[in-house]
Structure formats: structure tokens, C-alpha cells
Amino acid sequence: MTALGILLAMAVGVGLMLTRRLPTAFALVLLSVAVALIAGAPLTGEEGSVVGTVVQEGAPRLAATMVAILLGCWLGTLMSEAGIASTLVRKIVEFGGERPSVVAVGVFLVAILCGAITGSAPAAMLAGVVGIPAMIAVGVTPTVAAGTVLVGIAAGLPLELINWQFLSDAIGVPVSTVQHFQLRMFPIALVGGLAYILVEMRRKGARHTWAVRVPAPAGGGGPGRPAGRRARAAERRRRRGDAPWYALVTPLVPIVLALGLEIPIVPSLIAGVVYALLTAVPWRDMTSTALRTLYQAFDVAAPPIVLFIAIGMLLAAVNLPGAVQALSPVVTAISPGSPWLFVLVFAALVPLALYRGPMNIFGLGAGVAGVLISGGIYPAPAVLGMMASYGQVLGVSDPTSTQTVWASQYAGVRPERSMLSTLPYTWAVAVAGLALTAFLYLR
Amino acid sequence: MTAPPRPGADYGRISAASDEDLAAELLALTPTHEGRDPEQLRDWARTALAFGRELADTARAGPAGPGGAGAEVTDRATGGLRPGEVLLAEYLHRAAGDRVIVYADALDYARGVAEAAGWGRDYPRAALRGAALAHEEAHRMLHRGHGRELRRRLGHTALRLGPLRVRGHVAGADEIAAHAYAGRRGALRRSPLALTAAIAATLAHRGPDQHGPGPRTTSGDRP
Chain P
1 MTALGILLAM AVGVGLMLTR RLPTAFALVL LSVAVALIAG APLTGEEGSV VGTVVQEGAP
61 RLAATMVAIL LGCWLGTLMS EAGIASTLVR KIVEFGGERP SVVAVGVFLV AILCGAITGS
121 APAAMLAGVV GIPAMIAVGV TPTVAAGTVL VGIAAGLPLE LINWQFLSDA IGVPVSTVQH
181 FQLRMFPIAL VGGLAYILVE MRRKGARHTW AVRVPAPAGG GGPGRPAGRR ARAAERRRRR
241 GDAPWYALVT PLVPIVLALG LEIPIVPSLI AGVVYALLTA VPWRDMTSTA LRTLYQAFDV
301 AAPPIVLFIA IGMLLAAVNL PGAVQALSPV VTAISPGSPW LFVLVFAALV PLALYRGPMN
361 IFGLGAGVAG VLISGGIYPA PAVLGMMASY GQVLGVSDPT STQTVWASQY AGVRPERSML
421 STLPYTWAVA VAGLALTAFL YLR
Chain Y
1 MTAPPRPGAD YGRISAASDE DLAAELLALT PTHEGRDPEQ LRDWARTALA FGRELADTAR
61 AGPAGPGGAG AEVTDRATGG LRPGEVLLAE YLHRAAGDRV IVYADALDYA RGVAEAAGWG
121 RDYPRAALRG AALAHEEAHR MLHRGHGREL RRRLGHTALR LGPLRVRGHV AGADEIAAHA
181 YAGRRGALRR SPLALTAAIA ATLAHRGPDQ HGPGPRTTSG DRP
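These protein sequence lines are chains P and Y, in that order.
Start counting the first sequence at 1; every next residue gets the next number (the UniProt record's numbering).
Start counting the second sequence at 1; every next residue gets the next number (the UniProt record's numbering).
Please keep in mind that the hints were generated in silico from the structure rather than gathered at the bench.
Just so you know, even glycine gets a beta-carbon here, dropped at the ideal spot from N, CA and C.
A hint or two may mislead.
[To be verified] Label pairs and their calculated CB-CB ranges:
1) P:R184 / Y:R94: 30 to 40 Å
2) Y:E54 / P:A195: 39 to 49 Å
3) Y:R206 / P:T287: 34 to 44 Å
4) P:L252 / Y:E115: 25 to 35 Å
5) Y:R94 / P:A195: 41 to 51 Å
6) Y:E20 / P:R202: 45 to 55 Å
7) P:R284 / Y:A50: 40 to 50 Å
8) P:R417 / Y:R144: 45 to 55 Å
9) P:P351 / Y:E115: 46 to 56 Å
10) Y:G162 / P:A195: 31 to 41 Å
11) Y:R13 / P:P60: 31 to 41 Å
12) Y:S18 / P:L183: 54 to 64 Å
13) Y:R94 / P:R417: 32 to 42 Å
14) P:Y246 / Y:E39: 35 to 45 Å
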């Protein structure tokens, strides 16, 4: 009966998110409280209570991820302000402009770097503000232009330090375990992204138009920033011109430090910020630029931080003894035991990661992952692999994901069209990820 | 988006501007040219205009008329007026064959803009369709090899390593050449660039697209 109540509450939560009656973060907080109450948790008290365990201990549960997000957003804002991403795209267009496929692959590589730094909508903007119209200008169709940026960001996701920290915190595995899986997931996402670009470019061909569009605002209309600030940032970029060549490797700095030298995530990101400041910003502007971009980063980081506070509460709620006891038999009954069935069943459930569905790790999926682990149904690394595989689908094809909405609309196509264009490829990538998970952790 | 707004002051400015001015403005709005030296852009605009006209003169001596030479031409009544965009014609190059699509509703919108600007006689309906076909014909020619010659003439150096020089692509130059080609081959009495600038002025006058890429899109939320 308790399990049924929790599942009903979860269904209502999905409904609230899907119909957009409540923002995801608010819906998750309400859901956390509801799950805890249904599971029999007392309202107050030190151990296993709604106020003490779910709200007080759950809210800062993903604190390390939140700090990483802020630093990643700071680095992304600096890369935008210093013109690092736009310089990369401009060079790609100059070198490959007559061959739309070459330009698309180049923007894809830039999007991987941007995705590896911040992920989500800020990464889409970094790569897409110049990259999407530049691709359209050389003949890439708008749908493929948007899809190219999205598959690029998703291919960068396995290298994104913030994502490592999040999966480590949310699933409860060491960062080294996340790194072990994601480094093996990266080539799969890379091949999937390249396949999307090359096959879709061949299918859709090149497109040139006599078309007139509303002139884009200075700075490309990046969301979340007032027009005056955008215009001033664009003017500063114009005065400085292209970023110097040695500044263009900025996105690689944190990745190389974390991967090659095994430096922890936060210092690696700080090193990236310092490198960008030293190489792309004039000495006299350095401190003012550092402070201004840091404050702007708070704007950009606010929505994901709010979401992660809510996810922390949900994880605390589904890990309460009452919830684990109630949900474990249900989840055990429907979860396949053999590795083959694991791949088949969870491959069939891929659509549940879309539209903020129950397999979305940045929503209810975090709760599902918590139940799968706390109930001892799968080892934690297997749940990590499953959620990382689903992450490839929802990061590209979910028409409610902010980066999908932004990239699609910026290219002038509906997000649903982006979903239809990319889903066959992301689904295949997810299936390959699930197979990798079964091979690594379920044999 | 049926009746275009009337940004009168813009029409006057566009009317007084030369093709070179308008082409340089169009290039400046093309992504990757932000912050580029205006004189450099003007120089490229001049070269691209001359190239497009020369291409038209060469094609005039050839066998096929605008829009012909193997591309399948389709006329569509609707689909040219999109949120924040007026799409007059498009050229699709696919393995299955080349295709040119002309949108009647967008041509009507363009006619309305021309009438509002007082240029109605300069852009007759049939000539406008011919210019749209010629524009896409130019894109087709540029896509099939003439683009390299345009790049050579633009002479933009993307990379120089000692004696080695790599020529760079100038985004938007093909569009300028296509306008010049259409202007030379079609029966318009005024440049397609002027009409393009006037349509852009109506869109800017209308304000930001309510459905387009949005400052209202929330930022930063995770997937």
C-alpha cells in the first residue's frame, strides 16, 4: 500500500512537470515531502524525519556539484566574453566554409569542448550563438544545425567534470568510478554524433535560401542576460578581436588536469578560469573581468543549483528506510536480472527519459536510481551506467530540455522536430551505453 | 504576418544606398563577421557583387534560363512566412537531385513591402519570381564549383605559415554574389539587395519574434 502511494505520488509529480503546472525543482521538493510522509517519516526529529533528513540534510547533499556548476558557468561565461568559442567557430568556417559537412563536424568538435565545460543550455549558447547561424549560412539545414550542436554537447557530457561530480554525489560512487565508465562512453557518444552529422547531411543535403530573418541582437541573444549587458560584452569582444590561438585550448585545461594529472574537479575548473583570464583578457581588465563574469555566472548557475537542491531532497526521501522497504519488492519484481534482459528492457524504456519522464536523472530518475541502489537491485556502477546512457538521450532529444529548446528555436525549428531528427541516433547510443554497462558491471 | 509594417525612414535610407553599401551591411550581419573591419567588408562586398554580375553575363550566353539547368522547380502557395523569417526561395542539393522551391506567400509579402516603399513598379510579381529562381540558380552554380573561384577572388587569408598561404571562406559572400546574379539576370528595375534590406527593416520594425530563439528561454537548467 505504501509502495502504491509513493508510485502514485511520483506519477502526480511527473504529471506536474510534464504539464508545466510547476517548475521541475518545485515539483521535486513537493514530491520529496510527499514520499517521506507516505513512507511514514515523522515530520520532525533528528533521524529519518521530513524536516531533518529530507529538507535539512537533503538540500546540501549535492553541494560539491553546485560548486562545480558555478565554476563551470564562470569558465563558460569567460569563454563567451573573451570570444574563445566564437573564434573557434569563425576559424572553422574560414577553413571549411565551402563544405557544409566539414563546418558541421568542426562545430560539433567545438560543441564537445563547450559541453565538457558547462553542459546544458550555456554550452548550447557557447557553441551555437555563432555556430548555428554559421552552419546555416554555409548550407547546413536548420534542423541538422541544431542537432549538430546538441549531439556535440552530449558527446562532451562524458568528459564534463560537473557531470562526474553530480553522478558521483547522486549515485553514491567515487568520482573514479564515474570517470571509468564515462571515458568508455565517450567514444560511443562521439561515433553516434558523427554518424548523425554525416548521415543526416547526406539525407538532407545542402540548403541555400533567399531568406530574411529578424536581425539577431548583439551577442546573439543569449538568454538570461539583459540586452545592455549583451551589447556591452559584444562591444568589448569587438574591440579585442579574435582570442589568441593559445587561449583557444582553454576548454582542454580542466579536462587535461582532471584526467591526466588526476587533480580534483574544483581546482581543475579554477585552473581553467585562471588560464582563460591570463591568456584571453588584457592585464588591465583582468580583475574587473574576473569579478564581472563571476557575478554573471551566478545568474547562469542559479537554475541548475535550485534543481540540484531539489534532487538532493528527493534522494534523501527515497533513501528513507520506509521508502526503501516499500519500493524494493516492487522494483525487484520488474527489474530484469540477466545482462541481456537488462539491455533489452532498459533500451525499451528509453522514451521514459524524455519529457521529464521517470528515467530523467535530472528529475525523478534520481529517485529511481536511489531506489535501485538502496534496494540492492543492481550494483551502483550499473545504475550509473544506465543513467549516463539515458543522459545521452535526454541531453539531445528531450524537447523539454533547455538546450534542446534553445538550439532548436535559435535555428528556427520546433524542438519536437529536433527530437525526431536526433532520437534514432541517441537511442542507439543509449543502447550501446546499456550494453557497455552490462558488459562492465553485470557479468 | 500578412501586412508588412511600414518603417518609412528605413525605406528612404535603403533607397539612397548603393548596392555596395547594402551588400556590406548584409555581410556585417553575417555570423563570423562581428567586429570585422568595415573597409574589409566593403571590399569583399564589392568583389562578390562583381563576381555575381560576371557569372550572370557568362550564364546569359549559356543554354538554360534561370532556375533551369536540371533543378526541379516547385511553387508552393504557403510556407514562406515563418515566425521571424520571410523565406522567398530555397535551393536544396541532395543526392536524389537538386530542387528549387519558391514560396508564393513570401513573394506576396515582398510585393507588399515594395508597394509600401513606393517601389511597386520596380518589382513586378512575375519578375520577382524570376529573381528568386535566378538567386537559387546562382547558389547552385556556386555550390557546383564557382564558389572556389569566388574564394580565390576574395583573397581572404585564413592562415599564413611562411610562404604557405591558406585561403579562407568568407561567409555570406555567396549570398551577395547570388543577389548580384539575380539582379543582373532578372527583369527587376531595382536591386534585390534593396528589397532584402526593406524586408529586414519590416521584420526589425515588427520587433523580436515571439516564437523564435528567445531571451525568454530559461538558461542553465540541467537537461
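Verification of the hints:
| no. | hint | in the structure |
| --- | --- | --- |
| 1 | P:R184 / Y:R94: 30 to 40 Å | holds, 36 Å |
| 2 | Y:E54 / P:A195: 39 to 49 Å | holds, 41 Å |
| 3 | Y:R206 / P:T287: 34 to 44 Å | holds, 42 Å |
| 4 | P:L252 / Y:E115: 25 to 35 Å | violated, 56 Å |
| 5 | Y:R94 / P:A195: 41 to 51 Å | violated, 19 Å |
| 6 | Y:E20 / P:R202: 45 to 55 Å | violated, 38 Å |
| 7 | P:R284 / Y:A50: 40 to 50 Å | holds, 43 Å |
| 8 | P:R417 / Y:R144: 45 to 55 Å | violated, 29 Å |
| 9 | P:P351 / Y:E115: 46 to 56 Å | holds, 50 Å |
| 10 | Y:G162 / P:A195: 31 to 41 Å | holds, 38 Å |
| 11 | Y:R13 / P:P60: 31 to 41 Å | violated, 58 Å |
| 12 | Y:S18 / P:L183: 54 to 64 Å | holds, 57 Å |
| 13 | Y:R94 / P:R417: 32 to 42 Å | violated, 18 Å |
| 14 | P:Y246 / Y:E39: 35 to 45 Å | violated, 29 Å |
Going down the numbered hints, you'll see the structure goes against 4, 5, 6, 8, 11, 13 and 14, while the others check out.
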